[in-house]
Amino acid sequence: MDKLPLMEATDIHKWYGRIHAVNGVSFTINRGEILGLIGDNGAGKSSLLKVLSGYHHQDRGEIFIEGEKVNIASPADARELGIETVYQERALVDSMSLARNFYMGREPVGYIGFLDKRKMAECLAVVQKLGLSINSPDYLVGNLSGGQRQGVAIGRAIYFKAKLVLLDEPTTALSVKEVHKVLDLVMEFKEANISVIFITHNLQHVYDIADRFLVLENGKKVKDIEKDATSVQDLTRAVIGDINA
Amino acid sequence: MNEKNSPKVVNIENKSLFGRIGAIREIIIFGLTIALFIVFFFTTKGIMFSIASLKIIFVAVSELGLAAIGVTMLMISGEFDLSVGSISAMGALIAAKLYQFGLNPFLTLVIALILGVVLGGFNGFITVKFKLPSFIVTLATMIGYRGLIYVITEGVPIGFRVFQTHPVFHKFLAGELWAIPVPLIWLVIATTIVALILNYHRFGNHIFAVGGNKETARAMGINTDKIKIICFMVAGMLAALTGVIRLTRVRSFHSLQGDQIALLAIAAAVIGGTLLTGGVGTIIGAVLGTIVIVLVEYGLIMSGIGAYMYNVVLGGVIIVVVILNNVIEQRRK
Numbered sequence: 001m002d003k004l005p006l007m008e009a010t011d012i013h014k015w016y017g018r019i020h021a022v023n024g025v026s027f028t029i030n031r032g033e034i035l036g037l038i039g040d041n042g043a044g045k046s047s048l049l050k051v052l053s054g055y056h057h058q059d060r061g062e063i064f065i066e067g068e069k070v071n072i073a074s075p076a077d078a079r080e081l082g083i084e085t086v087y088q089e090r091a092l093v094d095s096m097s098l099a100r101n102f103y104m105g106r107e108p109v110g111y112i113g114f115l116d117k118r119k120m121a122e123c124l125a126v127v128q129k130l131g132l133s134i135n136s137p138d139y140l141v142g143n144l145s146g147g148q149r150q151g152v153a154i155g156r157a158i159y160f161k162a163k164l165v166l167l168d169e170p171t172t173a174l175s176v177k178e179v180h181k182v183l184d185l186v187m188e189f190k191e192a193n194i195s196v197i198f199i200t201h202n203l204q205h206v207y208d209i210a211d212r213f214l215v216l217e218n219g220k221k222v223k224d225i226e227k228d229a230t231s232v233q234d235l236t237r238a239v240i241g242d243i244n245a
Numbered sequence: 246m247n248e249k250n251s252p253k254v255v256n257i258e259n260k261s262l263f264g265r266i267g268a269i270r271e272i273i274i275f276g277l278t279i280a281l282f283i284v285f286f287f288t289t290k291g292i293m294f295s296i297a298s299l300k301i302i303f304v305a306v307s308e309l310g311l312a313a314i315g316v317t318m319l320m321i322s323g324e325f326d327l328s329v330g331s332i333s334a335m336g337a338l339i340a341a342k343l344y345q346f347g348l349n350p351f352l353t354l355v356i357a358l359i360l361g362v363v364l365g366g367f368n369g370f371i372t373v374k375f376k377l378p379s380f381i382v383t384l385a386t387m388i389g390y391r392g393l394i395y396v397i398t399e400g401v402p403i404g405f406r407v408f409q410t411h412p413v414f415h416k417f418l419a420g421e422l423w424a425i426p427v428p429l430i431w432l433v434i435a436t437t438i439v440a441l442i443l444n445y446h447r448f449g450n451h452i453f454a455v456g457g458n459k460e461t462a463r464a465m466g467i468n469t470d471k472i473k474i475i476c477f478m479v480a481g482m483l484a485a486l487t488g489v490i491r492l493t494r495v496r497s498f499h500s501l502q503g504d505q506i507a508l509l510a511i512a513a514a515v516i517g518g519t520l521l522t523g524g525v526g527t528i529i530g531a532v533l534g535t536i537v538i539v540l541v542e543y544g545l546i547m548s549g550i551g552a553y554m555y556n557v558v559l560g561g562v563i564i565v566v567v568i569l570n571n572v573i574e575q576r577r578k
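For the protein sequence lines, the chains are A and B, in the order given.
For the first sequence, the numbering used here gives the first residue as 1, with consecutive numbering after it.
For the second sequence, the numbering used here gives the first residue as 246, with consecutive numbering after it.
Watch out, some of these pointers could steer you wrong.
Said to hold, decoys possible - According to the in silico footprint, chain B covers these stretches of chain A (three or more CB under 8 Å from chain B): (1) 99–106; (2) 113–120.
What the hints assert, rightly or not - Simulated restraints, written as ranges between beta carbons of each label pair: (3) A:R60 to B:R576: 20 to 28 Å; (4) A:D77 to B:V355: 34 to 42 Å; (5) B:G400 to A:P108: 53 to 61 Å.
Stated by the list, open to error - Listing some non-contacts, in silico: residues in chain A with all C-beta distances to chain B over 12 Å: (6) T10; (7) K50; (8) D59; (9) F64; (10) V93; (11) G146; (12) K161; (13) E169; (14) V176; (15) M187.
Simulated from the structure, these hints should not be mistaken for laboratory data.
We put the CB at the ideal spot given by N, CA and C, even for glycine.
Please work from the sequences and hints to get the whole structure.
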């Protein structure tokens, strides 16, 4: 590609004590691309995600966004750079309303920091447009289903014009019906030209929608391949590893 | 937004950003308050509704309530402060000591408030930086701060006779304005400010977020440590304020001052529907909880049942209210 990639990460390393969780991973992602980040449990997917989302800082390696070197020191930094993370478990606070969750950390405010509640009501239209049946910005998030919760988090990323969305196992705890719903929602990102890194250990969920796959094993990148050049069998083998080795 | 365009949406009543749960809890506690007033009206043969009694009751409500709203805000952020009683006494002590040395009482009040912020901030700093349960940290500082008081006073009371030397200061904290006790005015002001911040300010949104789910709040870019430390500071400052108000009213400092405040303030928060787990609670609930506690105390005394029954009844009230809150929570799920 002659166009600059949206994000480029080079030689990322992350240690937790003596565990080398991410071992020299380099990759790029282009605008509007859906990258499936796959690997077995403990392959380093979550650790890489935490580096990109500002939760942990890499011990070595560099990250470039649109060609410019960036330092992602905190989750707030990541959001500032247009990187939005949708966590499986901790995307939303159950005891709070839709509006309060939607704008959490980025509240629209008026006079001396007081919330602009009229502006905050806008979130309702966003989630309704995604097909979620919620009818009040004051609706308590704890009453939503797992799929609806993902929907709210995805709507939030779209609304705040994220450039890159990191989805952390977004389909794991969901029913089959809800998985399809979430996969549909992920396609909304593509339409909005938002790049997605879809982290999962379930290849079936990501295969249809991803453009490219990154396979990790023991913290190392073992495969980086366009969908056209691979197959489910091929990727499955990469994830499981060579049994004969 | 436009409900006509989305006929599929399920209709769920939910009127305020507090959520329905808070509203139900407040109705229960409000009902309880009214019920107590009615019961005690009869058992005290109406004495409870005399202006003189109401003034006494609302001064007590104000002194406990100021501490309770700080504690409630802190509990919503997911932390505890058992040391607010000791902090309130530390505030009163420094005010009394400095006044003794000839400092203007208004200045001593400011210094006492700053001390409250510092001591609360210390609790918060130790809690978040060392990732310790605030229950343990503030248990330790409750004991330690109180110990410091005895070290300084050696148990000897210190006079604070500002009503003679600085009557304006006395009026400012413990006087009356149009027959309304001034402490009650302070309570109303503090309640209004804290409630507005919790429900309508960005900072309040962050407090609920941090207490509701700290990891989520962090992932959303909120500096959770900072939020918690500020809540500790506010709790400390309000505790110091109530300490100096009491000092001004009773005109001398005793080393035991405020030793009941922390547990009663937490009880007030809990009666008012604040969850120990954080993320849920209201300031109005805490004030109503305070009124319940004080009503039980004075109602029993004025009914001639005696002060000893007070703790027994209060314990019962706390358990009943918590069970009710729990039932509501289960129904919701």
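Tested hints:
1. With a cut-off of 8 Å between beta carbons, the segment 99–106 of chain A has 6 residues touching chain B; three or more are needed, and the interface restraint holds.
2. A stretch counts as covered by a chain when three or more of its residues have a beta carbon under 8 Å from one of that chain; for the segment 113–120 of chain A and chain B the count is 4, and the coverage holds.
3. A C-beta distance of roughly 53 Å is found between R60 (chain A) and R576 (chain B), which places it outside the suggested range of 20 to 28 Å.
4. Checked against the given bound of 34 to 42 Å, the beta carbons of D77 (chain A) and V355 (chain B), roughly 38 Å apart, stay inside it.
5. Judged by the Cβ atoms, the range 53 to 61 Å given for G400 (chain B) and P108 (chain A) holds: they are separated by roughly 55 Å.
6. The claim that T10 (chain A) is not at the interface with chain B holds, since no C-beta of that chain comes within 12 Å of its own (minimum 25 Å).
7. In this structure K50 (chain A) is not separated from chain B by more than 12 Å, as the shortest Cβ-Cβ distance comes to only about 10 Å.
8. Once the 12 Å rule is applied to beta carbons, D59 (chain A) is consistent with being away from chain B; the minimum gap is 20 Å.
9. Distance to chain B confirms F64 (chain A) as a non-interface residue, since its nearest Cβ pair spans about 21 Å, more than 12 Å.
10. Consistency note on V93 (chain A): stated as away from chain B, yet its beta-carbon is not over 12 Å from all of that chain's, at 4 Å minimum.
11. Even its closest Cβ contact with chain B, about 15 Å, leaves G146 (chain A) beyond 12 Å, as expected for a residue assigned away from the interface.
12. Separation of K161 (chain A) from chain B is adequate, the least Cβ-Cβ distance of about 15 Å exceeding the 12 Å criterion.
13. Annotated as non-interface, E169 (chain A) keeps its C-beta farther than 12 Å from every C-beta of chain B; the closest such distance is 14 Å.
14. With a cut of 12 Å on Cβ distances, V176 (chain A) stays outside the contact zone with chain B, its closest approach being about 21 Å.
15. Remark: the non-interface label on M187 (chain A) is consistent with the geometry, its nearest Cβ contact in chain B lying 21 Å away (cut-off 12 Å).
The structure does not agree with the numbered hints 3, 7, 10 stated previously, though it agrees with the rest.
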